[in-house]
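**Q** Taken in order, these protein sequences are the chains called A and B.
For the first sequence, our numbering begins at 594 and goes up steadily by one.
For the second sequence, our numbering begins at 594 and goes up steadily by one.
Derived by calculation from the structure, the hints in this document are not laboratory data.
Computed from a prediction, not measured in an experiment: that's the story for all the values here.
Some hints could be false.
Identical chains share a label here; the pair holds if one copy fits it or two copies do between them.
Computed list of lysine-lysine pairs in PhoX-like fashion (alpha-carbon distance at most 25 Å, straight line) [to be verified]: (1) K618 with K778; (2) K848 with K618; (3) K945 with K793; (4) K793 with K959; (5) K611 with K659; (6) K913 with K876; (7) K848 with K611; (8) K865 with K876; (9) K695 with K642; (10) K695 with K710; (11) K618 with K913; (12) K710 with K696; (13) K642 with K696; (14) K695 with K618; (15) K800 with K710; (16) K945 with K724; (17) K682 with K774; (18) K865 with K682; (19) K655 with K682; (20) K939 with K696.
2 protein chains.
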Amino acid sequence: MPNIINNPNKVLNEIAEKASVFEGKEAVRTILREIFLSGTIGTKSLSRKLRMPIPTIAAIRKELEKIGLISREKKGAILTEKGLIFVNKALGITYLESHSCKKCESTGIALPHEAEKLIAKQRLFSERRPKPQTEIDQAFGRPITAIRRAYLMLENGDLEGREILLIGDDDFTSLAIAQLKTNVKITVLDIDNRLLNVIKEISKENKFNISCVTHDLRKPFSEELINRFDVVLTDPPYTIPGLELFLSRAIQALKDESGRRIYLAYAHRPPKIQLEVQNSITKLGLAIQQLIPGFNLYEGAEMHGNTTNISILSTTDSSKPLFTSDYNEKIYTGELNPTVREYQCKNGHVTKVGFSLEIRNIEVLKEKGCPVCGNADEFTRISRRKI
Amino acid sequence: MPNIINNPNKVLNEIAEKASVFEGKEAVRTILREIFLSGTIGTKSLSRKLRMPIPTIAAIRKELEKIGLISREKKGAILTEKGLIFVNKALGITYLESHSCKKCESTGIALPHEAEKLIAKQRLFSERRPKPQTEIDQAFGRPITAIRRAYLMLENGDLEGREILLIGDDDFTSLAIAQLKTNVKITVLDIDNRLLNVIKEISKENKFNISCVTHDLRKPFSEELINRFDVVLTDPPYTIPGLELFLSRAIQALKDESGRRIYLAYAHRPPKIQLEVQNSITKLGLAIQQLIPGFNLYEGAEMHGNTTNISILSTTDSSKPLFTSDYNEKIYTGELNPTVREYQCKNGHVTKVGFSLEIRNIEVLKEKGCPVCGNADEFTRISRRKI
Chain A
594 MPNIINNPNK VLNEIAEKAS VFEGKEAVRT ILREIFLSGT IGTKSLSRKL
644 RMPIPTIAAI RKELEKIGLI SREKKGAILT EKGLIFVNKA LGITYLESHS
694 CKKCESTGIA LPHEAEKLIA KQRLFSERRP KPQTEIDQAF GRPITAIRRA
744 YLMLENGDLE GREILLIGDD DFTSLAIAQL KTNVKITVLD IDNRLLNVIK
794 EISKENKFNI SCVTHDLRKP FSEELINRFD VVLTDPPYTI PGLELFLSRA
844 IQALKDESGR RIYLAYAHRP PKIQLEVQNS ITKLGLAIQQ LIPGFNLYEG
894 AEMHGNTTNI SILSTTDSSK PLFTSDYNEK IYTGELNPTV REYQCKNGHV
944 TKVGFSLEIR NIEVLKEKGC PVCGNADEFT RISRRKI
Chain B
594 MPNIINNPNK VLNEIAEKAS VFEGKEAVRT ILREIFLSGT IGTKSLSRKL
644 RMPIPTIAAI RKELEKIGLI SREKKGAILT EKGLIFVNKA LGITYLESHS
694 CKKCESTGIA LPHEAEKLIA KQRLFSERRP KPQTEIDQAF GRPITAIRRA
744 YLMLENGDLE GREILLIGDD DFTSLAIAQL KTNVKITVLD IDNRLLNVIK
794 EISKENKFNI SCVTHDLRKP FSEELINRFD VVLTDPPYTI PGLELFLSRA
844 IQALKDESGR RIYLAYAHRP PKIQLEVQNS ITKLGLAIQQ LIPGFNLYEG
894 AEMHGNTTNI SILSTTDSSK PLFTSDYNEK IYTGELNPTV REYQCKNGHV
944 TKVGFSLEIR NIEVLKEKGC PVCGNADEFT RISRRKI
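Excised from the complex, chain A in its bound form (with noise of 0.2 Å):
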């Protein structure tokens, strides 16, 4: 026990190995912390909170219980007395309350009182999108992400009497929009039919004014769609040939003058890819005018803590597409970091799942049942490796 005390570096560092996590130390002192002004928390709620990687946390978790420094509860890990000696002596973590705004959950935007009516009707919209396609990245926001973003882009002068892309479109951003009946005009871009034909069902009923265009992106523009918007909204692969194939999309739709605006949604990353998304968008000749973390939330994506920041990005005069024809190489996820999971039926029977295999994902597996047993629903995942 002294030892710990007076060695917190150490600790902190050797539980960081033991759970061999990219993320070092300070991810355990955050961990320690959070759990400390929680008093109890769960897996899922930490990495919502501290926007870290389930299984970071799940492996961070695991040591700081093997060493005696946290317990696990019903509702999640606590710290045992160790522990909390531990963090307040050896860490010097003493302070209890916080300071985020709670009004605005730190995102800047207070929603008024009569978003709850927006956000309920947006409900129904995404209860009605078909099932996410994991492949091609998607995951759906929650009906709060699409009202939050719809309200930020209104505060910013982005909406009224202004004509915009969405770029991609399966948080239904563009439906949020609509209901605020701004005089603006919305051009949503999808690879995905069945959430376009969602889309312009919802609008028809609601009596919208939205223009639906089905296009891959991998394939250029036509030419109405060139030079011709004020702003652009997308929620991108999160790959840098993912980025920087929608950002130069962006470029080339948007009017060419310095100050049109861009809103990108992207995964919190740790600071070495952080930076090299910086630095596809320094390239791309784009300035960050604002960032501000945790602004979207979502329905899966677990990998991701269930958010992701949202970046407002200006151009310049020296904003300049990477690629203007086709592009040919990968762009998504699973084609780029292929893995291969292991999931187990109630039954005990195990299946490997991944991109290259014949069950691409978890949701094909549930769909079509384990090949074993025909049983549908239970799995549990097992293990999971990059190929």
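Given chain A's structure and the hints, the job is docking chain B onto it.
**A** Frame of chain A, contents of chain B only:
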């Protein structure tokens, strides 16, 4: 009038051209929108809200008056009938509510009740600051700015148990941090001994523990400052060389590991220059994790609308200072963008003021008084031009 409504972009463009503002037609639209939202609003408030320089706003306002879209009331600019029609019909702007968060002023940090006391005390501290030396880009942050920064760092886990370095501290943020009474270790570095002496005095009176080092950042660090700190806060000169020098020294002062944080205050800039800033940050291998516009408020610095943003940067495996030894280039705004201003005293005598002249700036002129009649206040700026 029909012309104006049918071709709003032409109108906006013409106004921007006549006002010869760098920011273009979007600035004109933004100003009109803000006047519409506010009812009546003065130039200073417009500057703060829109984060645009006062001269830009003054020039556009003048042109808007000429064309009859706004008129000037006691409390500031107001839309004329024609202006209101233009904003509503031609620009399509009719939505009157603002949803930016009042609780945290869209900074994400909601100050607790007890912060009032800390701000009051911080105000007493601030009143003891010597006059700002504008030639080394001093511009004093308001008491709330220092307190808000302290809470932001506390919230992010960057104070408790940490060692923090303030590279320059004309904002007295060190004292705000000390007021929170965490077990942080604070070191302040400044070129200006007058400031450090006041910080030392106040520290002694309040039993704060702040270590002060007089240092010209153009000189390299001594060994004991290198690879030592967990966190750096800096509000550097708003020039690219100033930024690159300050961030280079910050990287050296931080522990040599990924994930160490720099809180960087910097002016809101037009996209073109913001991209240059971002390019420098990227070149230094620093990842932008958050960017909060309008976070810092200042007493003076009216050229920047009295407000700047704060970025939270993280070190990565590839963070590297651009300079490690003596730095002999220019870094301050007055050195890099020298201007000559003409001031008229109340008796009508005109004096030239500038970085390379006998009287460097208005502060010196006020101190010495008019070279002709000795009158020492009520100077009016009548011209300003770059050399």
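**Q** Are there hints from earlier that the structure breaks, and if so, what are their numbers?
**A** 3, 4, 14, 18 and 20
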